[in-house]
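A.B. asks: Each chain, written out:
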Amino acid sequence: SARVMPTQERKLFSSTLFHKIFKAHTSLSLKKCKGCLYKISTSMVEKGTSLLKMMEISVAEAEKRTGKNAVNMQETYTVYLIETRPVDAASEGTNPVPDSLWRRYSEFELLRNYLLVTYPFSVVPPLPEKRAEFVWHKLSADNMDPDFVERRRVGLENFLLRVASHPDLSSDKIFYSFLTEENGWKETVFETGFQAKADSRLKALNATFRVKNPDKRFAEMKHYGDELQSVISQLLRVRARAADRLYGVYKVHGNYGRVFSEWSAIEKEMGDGLQSAGHHMDAYAASVDDILEEEEHYADQLKEYLFYADALRAVCRKHELTQYELEMAAQDLTSKKQQREELATGTIRTFSLKGMTSKLFGQETPEQREAKVKMLETQIEEGEELVKERNTECEEFVKSAWVDIERFKEQKDHDLREALISYAIMQISMCKKGIQVWNNAKECFSKM
Amino acid sequence: LLSQQLRLNERDLHDTTVTDGSSFNASMQTSPASMINQYKFEEDAEDTKDIFVTVDNPESHVTAIETYITYRVVTKTTRSEFDSSEFEVRRRYQDFLWLKGRLEEAHPTLIVHPLPEKFVVKGMVERFNEDFIETRRRALHRFLNKIAEHPIFSSSEDFKIFLTAAPGELTSYKKQGPGFLSRMGETVKAVAAAVRGVRNRPQEFTEMQEYVEAFSQKISSLDKVTQRIVREQKEYLEELKECGPTYALWSQSEEELAEPLKDVAGCVDRCCKETEEQVKNLNDNLIPVLHEYALCTDTLKAVLRRRDNIQADFEAKTEALATKKADRDTMRDDLDKAEDRLEWANNALKSDWTRWQKDMRTDLRSAFVDTAERNVNYYEKCLAVWESFLHSQRTDAEGNGNVDFS
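Residue numbers (UniProt numbering), protein chains in the order written: chain A, 1 to 448; chain B, 1 to 406.
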């Protein structure tokens, strides 16, 4: 991700250049790359048709638009320009104009919801946050703020790249048309009928249910997701507060600049030293803006995994649901089998209202019993089919989900380690600046 | 000029009444020879020191009436005026106050270095709080050293007594000196002079006053800015202290990431320690110096006022001689004395002003240089912490063959 790098380098890695280099990755020669996604699991690229092998994708720009919304009221919103370009064209050096279209954040959300429902066993990459959170005072919480929009642009690009390099998601047709078909995409999505599936799924997921035999691995994974979410939230909160305070420390030094300057006016020998020291104090105070801007990128990297934790938990929850449905079907089958046995042998092992009423109001006729048994047999047949179906569903879900979870784990370990390293690099840069400024100030002071 | 000084001195030696308000007392029994030296004290400043004074070892004393702190004052000297080469006494804050008062009385237009304040006004600092006592001790140490370095004050008899007298001796010595009535006379005359006001203040003293006014504002601002920096740093430290443990907590949920997360936690904790150290440095080194020079401005203003009063007195006496007919001889005598006193005061102030400015420049320069150096050290230490983390990650990564950092 381009956000790993310090600000100056980031300018070098504009969308298109980034993807030229990213393309080099796809040939698996990573070692020579500087500053991008360092490692891509080979399985990600070779398996299926990873879209990124074929096309370059970027979110190049953001623009404000005004228009009438669904209730015919004026609204202002931001649109983002998605650019795509076939990989081959760029390599030939002809550099044609990329295809492009504009999309709003809500369309990204629609895409993601579609993916969530259609690939329940995938850890679906998260979108950048809808509203600015964990904000320290100088940072705007306003969605229209240009800095927020810029960070969101980068986040949306990151989302598309993540999806495009996912072994399962990247070959989805709806995703492809999201990138390439401006008009009518929304209709196409709704035509898949995913909405209905989404609604029923949502209902089921929100209901409380207990699984009798939970899969230990998924239970652990869900627990991990909870912990990850909790600890990253805490870290983001603490970091934002510390950033706020650090800002204060640096900015107060600006007052030294002002006072030294005023003081130098009344001194003879000390004047020059004081004046120049004052300039360095101003420089020191100003340097905090860049420092904290870079730290925001680090915060954004953490936020991505905060939201990824949610995606991970969603997969575990869906597994639970699948498991639960299997158990319900199995339970139902068992009870039906039991009923049949009772009817056949005439023994009542389970209480049933029918049984009681027949006891009270007389036994049923053999014909009636016969009909019942037949009905039960049909139901049992169907039940067995259902159980088989659900069982397969469950097994397949477990298999696919576990593959993706392993892939996610590796990606997470790699990305977060890189994030920590980039944090260290930022701290080092901050220290170096501090050393320089104070050495300069020291020289000026000694000339006082 | 020098002969006039000598004449003045001789007159005083025979003059037992102190009613005219002249402020020479017994401690000014200097020989003519040493008087010459007094105009050369700019050169003396750099010469070898022959007296070393330290203030340390605070101890609390409890009596039926009160509890108070005494400090040990150790003097090592080769000066002939002292009976021995080493002295050790215990003094309390009151004794320092007394010394300062005596020096100011004897030399109204010389600049005495300020004492630490009686008690801290802001905050809830107790008199017997450890930090407060330590800060005070350092300030008292600086005070005595400034006195010892001062060409005139260091040969003051009061100073010598302060450094050497046994407790009983000091108490009885304190009881001597100008009595209550004469001090009252002083005050009345000072008030009268102040009301009269000075008419023809020489330009240089007006410039001095303007400078002191401006300097006072600047130094007070610097004091405030520095205190604000300390406050902000402390608040930053509070937040930073929570970061390390959060990373450590996270590492408990992870496998591959556990190691790097623990390392980052360690780095953040170490940086916290360095930040704590930095805050302490500011508190212990820069702030006391700025604070002292803020207090200095009060002294400077007082000195300029006293000089003005001496001139006002002279002007009043000049006027009186011009208008009154009786007692002309006594009045002329008074006028001569007043004139001499004024000249003495002006010259003393001018010389001491130069000395003070030089001292101020040296003190403030070294305080700021010191602060800058400590800040450089702080960043260098933090830099080392993060670089060692990077290094450990690098060797890990290359070991696993995952990443190439080139």
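In short, the hints are calculated from the structure, not lab data. One or more of the hints may lead you astray.
Computed list of lysine to aspartate or glutamate pairs in EDC-like fashion (alpha-carbon distance at most 16 Å, straight line) [to be verified]:
(1) Lys268(A) <-> Glu387(B)
(2) Lys433(A) <-> Glu387(B)
(3) Lys317(B) <-> Asp359(B)
(4) Lys262(B) <-> Asp413(A)
(5) Lys222(A) <-> Glu343(B)
(6) Lys130(A) <-> Glu107(A)
(7) Lys130(A) <-> Asp147(A)
(8) Lys262(B) <-> Asp215(A)
A.B. asks: Indicate, hint by hint, whether the structure satisfies it.
C.D. replies: Status of the hints after comparison with the structure:
1. Lys268(A) <-> Glu387(B): Between Lys268(A) and Glu387(B) the Cα gap is close to 43 Å, so the pair fails against 16 Å, i.e. violated.
2. Lys433(A) <-> Glu387(B): Answer holds: Lys433(A) to Glu387(B) is near 15 Å, not above 16 Å.
3. Lys317(B) <-> Asp359(B): violated, 36 Å
4. Lys262(B) <-> Asp413(A): holds, 14 Å
5. Lys222(A) <-> Glu343(B): violated, 91 Å
6. Lys130(A) <-> Glu107(A): Holds, at about 13 Å.
7. Lys130(A) <-> Asp147(A): holds, 14 Å
8. Lys262(B) <-> Asp215(A): Not OK: Lys262(B) and Asp215(A) at ~30 Å, beyond 16 Å, violated.
Hints 1, 3, 5 and 8, counting from the list given before, are not met by this structure.
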